[in-house]
Amino acid sequence: MRESEDALRIAERSGDDLAVAFARMPLGLALVHRPTDAERDRGQTLLAEVSGVLLRRGHNLGDLPLVNAYLGRERARRGDRDEAIPLMRTAAGHLFREGRLLAWGVPATGVLVVTLLDRGADGDVAEAEAAIERLAAAPTDEGLVLREIWLLRLRALLARAHRDDAAYADFRDRYPRHGDIAWLRGAYRVGRGDGMTATGLACSSCGIELPQNAKFCLECGAAVSTATKPAEYKQVTVLFADVVHSMEIAAAVGAERLREIMAELADRCAAVVQRYGGTVDKFTG
Amino acid sequence: MAVFGAPVAVEDHAVRACRAALGIQEETVGLAAEVNDRDGIDLRLRVGLNSGQVIAGEIGSRSLGYTTIGDQVGMAQRMEFGRPAGCGDAQRVDSATC
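Just so you know, the sequences run in chain order A and B.
Those letters in the first sequence? Residues 1 to 285, by my numbering.
Those letters in the second sequence? Residues 1 to 98, by my numbering.
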């Protein structure tokens with residue numbers, strides 16, 4: 001959240017309304033998932049502005065259905081279900097027709113189905129069921145975890161709407177709990193890309209993964225250092241020392257003499273630091 | 001900039017840093033006398049100390065090497081900056097260090 005806020009502040013300084021819209025979008029989407037009404041209200045305001053800018057500028061229209069689907073969700077929250085559902089229906093339908101159901105179509109279908117089942121008017125349950133099946137039928141090479149998780153939730157809600165308690169309990173129990181990584185790995189083979197850490201050895205120069213015992217990088221040829229210490233949190237004391245008015249001294253004695261003085265000072269300071277077991281991190285202007 | 005307590009952790013990093021800061025000021029006084037004699041300028045050093053948690057490790061390509069990152073580093077720098085120079089009271093030490 002804080003990073004999104006920072007990004008928005010930077011974008012606002014740029015004065016570029018598209019940049020502002022791109023920064024508002026993730027923040028708005030995050031805010032409408034927050035627990036308090038104030039946060040969700042602000043998220044809705046941001047998303048409405050994003051939607052307007054994208055339409056006006058004709059830019060990133062591919063993101064528009066997602067923004068509109070969540071705008072619809074917020075309108076539904078405020079009780080405007082009859083206005084919200086057509087907006088969400090259009091968004092999900094648009095993604096389906098463009099064959100993009102497996103990206104933004106997953107949450108867009110999700111919020112549509114939840115809202116339809118909440119309203120429960122004539123035909124709503126049937127429409128929700130059709131939307132679920134449309135999402136489930138979208139072809140993919142292999143299991144798509146995000147879709148599977150959404151589908152479990154949507155089917156549970158649908159079963160509840162049908163008053164099918166057994167099916168509801170079944171879907172609910174299969175829904176992964178928070179942090180249920182084993183479920184994700186087992187059921188949907190997430191994390192097979194563990195190759196990233198298979199050897200734990202990466203080139204310190206270009207970052208590419210290296211086979212175990214590699215002495216040189218396969219990509220850039222840099223020598224592989226195995227002495228790399230992993231980053232870690234440490235309790236330390238940091239010491240900063242700075243020569244007062246160093247530029248005035250430079251002006252008075254000249255650059256070469258300043259270098260001599262500084263070198264001598266740095267040597268003496270480094271010796272003191274070493275005497276007390278410290279590490280000189282850097283010398284800088 | 002110097003770090004006490006990384007890469008090898010030591011319990012008394014704060015005490016060591018304080019002693020080192022005093023030692024640095026002492027060295028500076030000696031050098032300043034020489035410089036004053038020869039160049040007629042007033043060489044003074046400001047020192048700031050701050051303790052706390054930082055991230056230590058190899059950062060970036062090898063030219064940067066082992067370093068520390070974190071609020072505490074910036075804090076020490078700002079404490080040093082906000083202090084008058086001199087030998088007696090030029091040190092500024094935050095409460096976590098003491």
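Keep in mind that the hints are not guaranteed to be accurate.
To be verified - Label-pair ranges, simulated between beta-carbon atoms:
{"hint": "1", "chain 1": "A", "residue 1": "Asp6", "chain 2": "B", "residue 2": "Val15", "range": "45 to 51 Å"}
{"hint": "2", "chain 1": "A", "residue 1": "Ser246", "chain 2": "B", "residue 2": "Glu26", "range": "54 to 60 Å"}
{"hint": "3", "chain 1": "A", "residue 1": "His33", "chain 2": "B", "residue 2": "Glu26", "range": "54 to 60 Å"}
{"hint": "4", "chain 1": "A", "residue 1": "Pro176", "chain 2": "B", "residue 2": "Val15", "range": "58 to 64 Å"}
{"hint": "5", "chain 1": "A", "residue 1": "Glu248", "chain 2": "B", "residue 2": "Glu34", "range": "15 to 21 Å"}
{"hint": "6", "chain 1": "A", "residue 1": "Ala202", "chain 2": "B", "residue 2": "Asn36", "range": "50 to 56 Å"}
{"hint": "7", "chain 1": "A", "residue 1": "Gly207", "chain 2": "B", "residue 2": "Glu26", "range": "57 to 63 Å"}
{"hint": "8", "chain 1": "A", "residue 1": "Asp267", "chain 2": "B", "residue 2": "Asn36", "range": "15 to 21 Å"}
{"hint": "9", "chain 1": "B", "residue 1": "Glu34", "chain 2": "A", "residue 2": "Tyr233", "range": "39 to 45 Å"}
{"hint": "10", "chain 1": "A", "residue 1": "Ala252", "chain 2": "B", "residue 2": "Glu26", "range": "44 to 50 Å"}
{"hint": "11", "chain 1": "B", "residue 1": "Gly30", "chain 2": "A", "residue 2": "Ala252", "range": "17 to 23 Å"}
{"hint": "12", "chain 1": "B", "residue 1": "Val29", "chain 2": "A", "residue 2": "Arg257", "range": "18 to 24 Å"}
{"hint": "13", "chain 1": "B", "residue 1": "Glu26", "chain 2": "A", "residue 2": "Glu39", "range": "54 to 60 Å"}
Said to hold, decoys possible - Below, computed lysine to aspartate or glutamate pairings styled on DMTMM-like, alpha-carbon distance capped at 25 Å:
{"hint": "14", "chain 1": "A", "residue 1": "Lys282", "chain 2": "B", "residue 2": "Asp37"}
{"hint": "15", "chain 1": "A", "residue 1": "Lys282", "chain 2": "A", "residue 2": "Glu260"}
{"hint": "16", "chain 1": "A", "residue 1": "Lys282", "chain 2": "A", "residue 2": "Glu232"}
{"hint": "17", "chain 1": "A", "residue 1": "Lys215", "chain 2": "A", "residue 2": "Asp242"}
{"hint": "18", "chain 1": "A", "residue 1": "Lys215", "chain 2": "B", "residue 2": "Glu11"}
{"hint": "19", "chain 1": "A", "residue 1": "Lys215", "chain 2": "B", "residue 2": "Glu26"}
{"hint": "20", "chain 1": "A", "residue 1": "Lys215", "chain 2": "B", "residue 2": "Glu27"}
{"hint": "21", "chain 1": "A", "residue 1": "Lys215", "chain 2": "A", "residue 2": "Glu264"}
Claimed, not checked - Footprint (simulated), chain A over chain B, 3 or more residues, beta carbon under 8 Å:
{"hint": "22", "stretch": "1-10"}
{"hint": "23", "stretch": "43-50"}
No lab work stands behind these hints, which were simulated from the structure alone.
The structure presented is a predicted model; accordingly, all values stated were derived computationally and were not measured.
Heads up, the beta-carbon is just placed ideally off N, CA and C, and yes, glycines get one too.
Results for each hint:
no.: 1; hint: Asp6/A - Val15/B: 45 to 51 Å; in the structure: 37 Å, violated
no.: 2; hint: Ser246/A - Glu26/B: 54 to 60 Å; in the structure: 20 Å, violated
no.: 3; hint: His33/A - Glu26/B: 54 to 60 Å; in the structure: 58 Å, holds
no.: 4; hint: Pro176/A - Val15/B: 58 to 64 Å; in the structure: 50 Å, violated
no.: 5; hint: Glu248/A - Glu34/B: 15 to 21 Å; in the structure: 18 Å, holds
no.: 6; hint: Ala202/A - Asn36/B: 50 to 56 Å; in the structure: 52 Å, holds
no.: 7; hint: Gly207/A - Glu26/B: 57 to 63 Å; in the structure: 45 Å, violated
no.: 8; hint: Asp267/A - Asn36/B: 15 to 21 Å; in the structure: 19 Å, holds
no.: 9; hint: Glu34/B - Tyr233/A: 39 to 45 Å; in the structure: 42 Å, holds
no.: 10; hint: Ala252/A - Glu26/B: 44 to 50 Å; in the structure: 24 Å, violated
no.: 11; hint: Gly30/B - Ala252/A: 17 to 23 Å; in the structure: 20 Å, holds
no.: 12; hint: Val29/B - Arg257/A: 18 to 24 Å; in the structure: 19 Å, holds
no.: 13; hint: Glu26/B - Glu39/A: 54 to 60 Å; in the structure: 56 Å, holds
no.: 14; hint: Lys282/A - Asp37/B; in the structure: 29 Å, violated
no.: 15; hint: Lys282/A - Glu260/A; in the structure: 18 Å, holds
no.: 16; hint: Lys282/A - Glu232/A; in the structure: 19 Å, holds
no.: 17; hint: Lys215/A - Asp242/A; in the structure: 41 Å, violated
no.: 18; hint: Lys215/A - Glu11/B; in the structure: 36 Å, violated
no.: 19; hint: Lys215/A - Glu26/B; in the structure: 46 Å, violated
no.: 20; hint: Lys215/A - Glu27/B; in the structure: 44 Å, violated
no.: 21; hint: Lys215/A - Glu264/A; in the structure: 39 Å, violated
no.: 22; hint: 1-10; in the structure: holds (count 10)
no.: 23; hint: 43-50; in the structure: holds (count 8)
Hints 1, 2, 4, 7, 10, 14, 17, 18, 19, 20, 21 from the earlier list are contradicted by this structure; the remaining hints agree with it.
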